[in-house]
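Fit chain B to the supplied structure of chain A, relying on the hints for placement.
Protein chains in written order, with UniProt numbering: chain A, 1 to 403; chain B, 1 to 208.
The hints are simulated quantities; they were obtained by calculation from the structure and are not laboratory data.
Each hint should be verified, as a subset may be incorrect.
What the hints assert, rightly or not - Taking lysine to aspartate or glutamate pairs in the EDC-like style, the calculated list, with each CA pair at most 20 Å apart, reads:
#1 A:LYS276 with A:GLU300
#2 B:LYS52 with A:ASP394
#3 A:LYS15 with B:GLU134
Said to hold, decoys possible - A few chain A residues that don't get close to chain B, going by computed Cβ distances all over 12 Å:
#4 ILE42
#5 GLN129
#6 SER143
#7 ARG234
#8 ILE241
#9 TRP277
#10 TYR363
Virtual Cβ for every residue (Gly too), placed ideally from N, Cα, C.
Here is how the chains run, residue by residue.
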Amino acid sequence: MNILKLSTKNLSRNKLTTFLNIILVAFGVGILSILFLASTQIGNKLESNSKDIDLVVGAKGSPLQLILSSIYHIDFPTGNIPAKDAQELMQNPMVKRAVPLALGDNYQGYRIVGTDSTFTGLYGLKLNQGKFWSKDLDATIGSAVAQESKLKVGDKFFGAHGLSDASDEHKQHAYLVTGILAPQGNVTDNLILTNIGSVYKMHEPNHAESEAHHANEEKEINNREITSLLIQYRSPMSVVIFPRMVNQSTNMQAASPAMESARLFSLIGVGIETLKWFAILIMAISALSVFISLFNSMKEKKYDLAIMRCLGASKVKIFLLVMLEGLLITVTGAIIGLVIGHVALSLIGHFQESSQARLTGIYFVMEELYLIGAGLAIGVIAAIIPAIQTYRVDIANTLSKDK
Amino acid sequence: MIKIQSLVHQYPNVPALRFPDWEIKDREQWLLLGSSGSGKSTLLNIIAGLLKPKGGNVIVDGTSVYDLSLKAMDQFRGQKIGIIFQRPHFIKSLNIYDNIAVASSFAGLPVDGKRILMLLDNLGLAGKAKSYAEELSQGQLQRASIARALINRPSVLIADEPTSSLDDENAENVISLLTTQAASSDASLIVATHDKRVRNRLSKEYLL
Chain A
1 MNILKLSTKN
11 LSRNKLTTFL
21 NIILVAFGVG
31 ILSILFLAST
41 QIGNKLESNS
51 KDIDLVVGAK
61 GSPLQLILSS
71 IYHIDFPTGN
81 IPAKDAQELM
91 QNPMVKRAVP
101 LALGDNYQGY
111 RIVGTDSTFT
121 GLYGLKLNQG
131 KFWSKDLDAT
141 IGSAVAQESK
151 LKVGDKFFGA
161 HGLSDASDEH
171 KQHAYLVTGI
181 LAPQGNVTDN
191 LILTNIGSVY
201 KMHEPNHAES
211 EAHHANEEKE
221 INNREITSLL
231 IQYRSPMSVV
241 IFPRMVNQST
251 NMQAASPAME
261 SARLFSLIGV
271 GIETLKWFAI
281 LIMAISALSV
291 FISLFNSMKE
301 KKYDLAIMRC
311 LGASKVKIFL
321 LVMLEGLLIT
331 VTGAIIGLVI
341 GHVALSLIGH
351 FQESSQARLT
361 GIYFVMEELY
371 LIGAGLAIGV
381 IAAIIPAIQT
391 YRVDIANTLS
401 KDK
Chain B
1 MIKIQSLVHQ
11 YPNVPALRFP
21 DWEIKDREQW
31 LLLGSSGSGK
41 STLLNIIAGL
51 LKPKGGNVIV
61 DGTSVYDLSL
71 KAMDQFRGQK
81 IGIIFQRPHF
91 IKSLNIYDNI
101 AVASSFAGLP
111 VDGKRILMLL
121 DNLGLAGKAK
131 SYAEELSQGQ
141 LQRASIARAL
151 INRPSVLIAD
161 EPTSSLDDEN
171 AENVISLLTT
181 QAASSDASLI
191 VATHDKRVRN
201 RLSKEYLL
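Bound conformation, chain A alone (with noise of 0.2 Å):
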């Protein structure tokens, strides 16, 4: 029998107390867990969707909102800006290319985005299935929309006023979709593409069917309005000049998804700090409980101890002994931890109402690894007192005062 197998028996005898400490380890890395893997993927969404992106031009408002509401697809527009004032900017020799952005109508929950070819270029989409649109109510879906909606190239759908709410659908124009994107691991795999005249036919029906189709991109968008632009520099040293200029001569407002992500991040950060704080309380609590609970079992077991010593068992087995109890209660609680912060994670994503951030549990981050290093230095430091004590135990004194 070697001392894992006693350790393993020692720990089963008393089975609500190694029950108690396991679960007292296991949430303080589950929650830690959960915040490593939903801060990482938060930060890697945030850092895909916005990766060629220096600019974003939309209405005056919360340039966080704007960033939100053009990018992340997850809040609500500031506003609209003219088409023709867009049309300004993006003639600007200091942009090298600009997106525009018409948002209004949803399927589903899933945000129907008109734009122009230049978007396929920026997010750099390539097709699974059947082609890009190419004209009025052709529509292109991403990925995690056609794996969800059920939607296939040629089938019909009809989309519906604001960027959630499904019940004001436009049944008087129907989408038909002509492509699906293949996966591109970013939020255009919960987005439905298409022109930005599609968006206007939506909303301007009587005005929309009386007008000949635009073949031109650009002319579709003047004189209308759209949400936002999202703009790429010609050069870095554009950085400074360009967000001036647009918040100072004109209506709209610039802002820069680098400094609204980082100012996002500050401000759930707090949140995050607390979590982390809270988790590591519990973590130093549960290496406390389980130092009291191997503490008080030294003394229960002390003649056990004594006893193995006589039947040969030397100094250094019996400490690693006591140490392997230790470790064996932090590490299983820390395994445990992780397992329940990755199913507690793809819950979360499970029930997440925004698509477009949905959270995963299939996800591994290397701050696990050092969870699982936590947990191995929380049963050194919880057992090395208890081990230490029997290391010195005096089997003849301790024998004599069993008569």
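Relative to the frame of chain A, chain B by itself:
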């Protein structure tokens, strides 16, 4: 064979205990007699390598016990010396079978399951292998502790007041089992006691 030469032990603040030289030949059975506080348990602990004496020498099977390293002494004790205590003590988380098996593991010897069951059978504990200590009577526990002491075929069997907490029937049973099992295992036997019921049961006596 066991030899005790010029053995002295000193507890703090009390006069030193001096033990007369003693030689125990193979398979001899001795009673270690003496009043309470005379040093019987101390002498047994010293022979078993559990208590380092202030001076003198203890030789078991040709090995000077206190010349061994701590680790070698632990293993030597596990392999060569079987110990039976006044109150039989077992590891609570293990059943009787595992308690006996662990004695072989700790001594660095392979576990001989057949021998464990045979010893339990010989000691009237057939069917108790899977029982835990709290499920057995004191008499049964003392017999189980004899099985544990014998499992590694020790050269010497040491029993410290093995009958003092037992009733007459169990005391008689235990002392008779100790003598027969030690004889059948070719082990020397030392029984420290002040129990009058045990007097005259062994051929030799050593008085402190």
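Verdict on GLN129 (chain A) as a residue remote from chain B, using beta-carbon distances over 12 Å = holds, 63 Å
When you look at the beta carbon of ARG234 (chain A), is every beta carbon of chain B farther off than 12 Å?
-> holds, 74 Å
Interface exclusion of ILE241 (chain A) relative to chain B, criterion Cβ beyond 12 Å | holds, 75 Å
Was ILE42 (chain A) rightly flagged as not at the interface, with every chain B Cβ beyond 12 Å?
-> The assertion about ILE42 (chain A) holds, with a minimum of 46 Å to chain B.
Assertion that SER143 (chain A) lies outside the chain B interface [Cβ separation over 12 Å] = holds, 55 Å
Quickly compare the C-alpha distance for LYS15 (chain A) and GLU134 (chain B) to 20 Å and report which way the hint goes.
-> holds, 17 Å
Do the alpha carbons of LYS52 (chain B) and ASP394 (chain A) lie within 20 Å of each other, as the hint requires?
-> Status holds; Cα separation ~11 Å.
Quick one: work out the minimum CB distance from TRP277 (chain A) to chain B and report holds if it exceeds 12 Å, violated otherwise.
-> At roughly 37 Å from the nearest Cβ of chain B, TRP277 (chain A) sits farther out than 12 Å, so the non-interface label holds.
12 Å cut-off, C-beta based - TYR363 (chain A) kept clear of every residue in chain B | holds, 40 Å
Keeping to a limit of 20 Å between CA atoms, is the pair of LYS276 (chain A) and GLU300 (chain A) held or broken?
-> violated, 36 Å
In this structure, the one hint that does not hold is number 1.
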